[in-house]
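Quick one: dock chain against chain with the hints and give me the complex.
The residues making up each chain are set out below.
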Amino acid sequence: MRFDKDLVAASATPLVLGILAEGESYGYAILKRVTELSGGRMQWTDGMLYPLLHRLERLGLVVATWGTSEAGRRRKHYALTAAGRDALVERQEQWTVVADVLHQVWRSAQQAAQATQPLQPMARPAVAEGWA
Amino acid sequence: MASRERLEAQIDQWRSYVQRHRAIAPADVDEMEDHLRGRVDDLTATGLDDDEAFLVAVRRMGNLDAVSHEFAREHSERLWKQLVLVPDGPPQESAPAWRELAVVLALAVGAGIAVKVALAAFDTDSALLRNVPLMTAPFLAAYFVWKRRVAWRVVAALLVPYALLAVVLNVYPYVDTGSTVVLAAIHAPVVLWALVGVVYVGGRWRDQDPRMDFARFTGELVVYVTLLAIGGGVLLGLTAATLSLVGVDIEPAMESWIMPFAVPGAVVVGAWLVEAKQDVVENIAPVLTRVFTPLTTVMLLVTLVVLLGAGGLADVERELLILMDAILVLVLCLLLYSVSARDSLARPGWFDGLQLVLVASALAVDAVALTAMLTRIAEFGFSPNKVAALGLNLLLLVHLARSGLLLLDFLRDRRPFGALVRWQTRFLPVYAVWALVVVVTFGPVFGFA
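These protein sequences, in sequence, are chains A and B.
Note that our numbering has the first sequence beginning at 1, numbered continuously upward.
Note that our numbering has the second sequence beginning at 1001, numbered continuously upward.
Errors might be hidden in some of the hints.
[Unchecked claim] Below, a sample of chain A positions facing chain B; criterion: calculated Cβ distance under 8 Å:
no., residue
1, Tyr28
2, Asp46
3, Met48
4, His54
5, Ser69
6, Arg75
[Stated by the list, open to error] Computed Cβ-Cβ distance ranges for the label pairs, DEER-style:
no., chain 1, residue 1, chain 2, residue 2, range
7, B, Trp1350, A, Ala10, 38 to 46 Å
8, A, Gln104, B, Pro1429, 40 to 48 Å
9, A, Ala10, B, Arg1153, 44 to 52 Å
10, B, Ala1229, A, Ala21, 40 to 48 Å
11, A, Asp100, B, Ala1401, 42 to 50 Å
12, B, Leu1354, A, Gln43, 53 to 61 Å
13, A, His103, B, Ile1284, 53 to 61 Å
14, B, Ala1401, A, Ala112, 53 to 61 Å
Hints in this document: simulated from the structure, not taken from any laboratory.
Idealized CB from N, CA, C, for every residue including glycine.
Next up, chain B with everything else stripped away, as it sits in the complex (with noise of 0.2 Å):
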């Protein structure tokens, strides 16, 4: 039967043509495949030939660029594959690429040079400590606001916290050697970071996929900048060695010129790739936290079982809480970052498991350590440091153990997916929140000390 032949390639070149869009996966496909085969065989029933019904069969599927929009809104980590590709919206005209490139090196060297007027502004280290990032944060917010076209009134809201965080780090009368302005410049990123997502995902900050997306550029980033990093490491280890050997020495240029325009412009530059080329890094997400997944599980392992067998937990320095609160934000950046990599609609896995054993294990860990700094503070009293590392493992303990139950649960069939995911976007902005309580009132609180 020869119009039966034909009508198998007209379906073979339409599947063709659905797997284009990157936003249906195969199996999404194969399942409008079968919806399209059945709707040709009862046209056919009622008296159309194959061609015909093949044509009515894909005008009622509809227009295929509207329905892989609504996959991909329904599929935000497929949406991230093509987020350049589908803007939000009707698809418009982008900027041609050498007008991004050029705003971007802008930006980059405009950081540069803010963070060079810094240097040269500030005498101190720890002034300096402070005002780096507040000086950088603006250019990567630069950048979103030109490439999503953040309405004005978005950019003027933040304007103001922005400008108090700006106030209160530089007008606070710190004591110099004091821990209060150390913990002010490690929490002020937080919230700067904070304010870029709120730019990255165009003011829409109440939605929670958007929310998923900036903690997937954040991990895209860290691994883009790391990249460029030990890129540029070489590169200038290698000109340092050449040039030493005719006697120039290159660390005061080092120190004065490379460093104030490298740093900053990595991050502008990593932030421009990362939205360029995201699924470069896509492929490589799932896989490094498939590596790191096992790997973190067993050190965490080891340190449960050293921790245990060491004893006198009382006398452990008062590192250990803050070595803790490293461990665990590494655990949950693992977490997140697999999550957010994660096709929600896949059957619970073995990988599930390993990601519950791993949160298990650094709620085990976090017990111990916890324990044994309660008693110290019983002890010791409080300082600034012990109760922003308290408030921070408090924080991590209720997120980790939240998602270990979600996962559960998951794993269980008792919950979806979804579940785990929106109590992580739910719960980031705790995070900025927090980082702003301690910037804001630990200095007064503690008495600048």
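Here chain A stands alone, though its shape is the one from the complex (with noise of 0.2 Å):
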């Protein structure tokens, strides 16, 4: 599925600190999970990570320290700091606000839709009969 620039940029924040929250983790593995949570469905690209990984660290919301790769590279992990913690909280309210206002209203669509389309039939028939 393609996503929305725009979309993968606001969501892939909390989604980080998010994944974050399970415990520290490095780059690959982060990448690993959202594919996995996703089922395969939301896919990023790759070297973006990176960039938002530095970001979080300056913000305060992720310390991060080199460590060795079970092959015995340099590897980078990310944890999340007590900062990070109070931003995914923040970011879980706000993401659930957006989620549940988003439902109501298509479900209103929905059952605006379901609502009119049994009247169409019985108009039209009404003003060709006017005609006839």
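Written out as structure tokens, the structure reads:
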């Protein structure tokens, strides 16, 4: 599924924060988790994750430490800070509101569509009768 | 295994290609390489061969130019290095080098002519002092309007405060020997500089990052103009000495022609050099701050000891407050310059501790001087000079004190370095506002004396 660039940008921060809330992680593992959580429907451009992680680090929402992978490569691990936890809670509240509003408006749009559909066949013939 | 070797070679090639993007630091390349290898391993585990896995992994990494652009936006100190290479938005064709040089030279000559006209039109020193910056600033701004293709509505919006400033500076009935006229002349360039700053950032003055770029630009410009001034001074000195041997005195020409063109010209050309040769000086900036931060700290501590040892501070000269302002401005410039050149993700180091010592000793010196001044003011009352100096001192004190606290928090791992950076950029406009207040209100309040 293709996602709008702005939507990816907006959702990436809370998603990454949420994944890090599950525990310390590193870039590639975070991406794999996104793919896993979305059942493969959401795929980011891999490289774009790193500028985002660095921004979160600069804002103090995550801290990074260099470690080594199982294969002995240098690997940068990220962990959530207290400020990051607060930010996550705040983002969660915002997204809950957005999701809730979207649900409501879609439900009412659907109901409206269902309500108007049966009317149309009734209305049309009425006009037709008048012409007949 | 031949295919493994080929994969290593391919990854090496990819690394060197990524490293060519200057916004991506070597550590970031390490991080991305780990990612690439992780992806390749997973893909080969699903049955792809090494070549295929590498291709897919590189493709998944995305367009490196876009990634690099994203890195540059995040690390503005790196963006600064390649500001010329990564304009805002998609890369666009830049003007040929000769055209830029022509524009710069035309503007430099234009600024010279404007100053020359001012010299002819204003006969008193104080009128000149007030109007020369007013004459030079538009040419510098014009260069950035041209270079950044600044929207005309931004330019039009800036012309209004510029015109008002010009009117205030020239219509107020100043007493020529008074101090308010000198204060206005000193503070007007700060307001003008803020207006130039708005043009420099292309009208996006509310954004924090471009503001930091402007602070960097200011620092580099000072370095370049100093270098130009030293070079020009040596050249002129040699010429004057040679010409004096044959009995030609260069001094009249120096006063009426060379200086009026050389000084504003150097500012415009310096601005162009900063824009064109950013990473040359970028390497000097951290060195300069590292040399002068310890030296300034020593100077401040000596001053502190001497001030405390001198005893009767109540009868110190009123110049002390102005001197204190100068010292604090110096400390602030050092701090700002090193903050702007520092990688905000780097861990706290010894130099950050040294900076904290610098800020703390500056605050201590200022506290001593300030108490002395306040007792003096209580005794002799206010004068325009004292209020202006005291106001600036207060602003610098607030700025430095909070910087010190944020630096302390950073050293204790309580806050990221970004907090300190944001505080700097947020506070900078306050100085422009204060300068404007001095220019506009001090004349009327103190009877233009």
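Comparing the hints with the structure gives:
{"no.": "1", "hint": "Tyr28", "verdict": "holds (4 Å)"}
{"no.": "2", "hint": "Asp46", "verdict": "holds (5 Å)"}
{"no.": "3", "hint": "Met48", "verdict": "holds (6 Å)"}
{"no.": "4", "hint": "His54", "verdict": "holds (5 Å)"}
{"no.": "5", "hint": "Ser69", "verdict": "holds (6 Å)"}
{"no.": "6", "hint": "Arg75", "verdict": "holds (5 Å)"}
{"no.": "7", "hint": "B:Trp1350 with A:Ala10: 38 to 46 Å", "verdict": "holds (40 Å)"}
{"no.": "8", "hint": "A:Gln104 with B:Pro1429: 40 to 48 Å", "verdict": "holds (43 Å)"}
{"no.": "9", "hint": "A:Ala10 with B:Arg1153: 44 to 52 Å", "verdict": "violated (29 Å)"}
{"no.": "10", "hint": "B:Ala1229 with A:Ala21: 40 to 48 Å", "verdict": "violated (56 Å)"}
{"no.": "11", "hint": "A:Asp100 with B:Ala1401: 42 to 50 Å", "verdict": "holds (45 Å)"}
{"no.": "12", "hint": "B:Leu1354 with A:Gln43: 53 to 61 Å", "verdict": "violated (46 Å)"}
{"no.": "13", "hint": "A:His103 with B:Ile1284: 53 to 61 Å", "verdict": "holds (58 Å)"}
{"no.": "14", "hint": "B:Ala1401 with A:Ala112: 53 to 61 Å", "verdict": "holds (60 Å)"}
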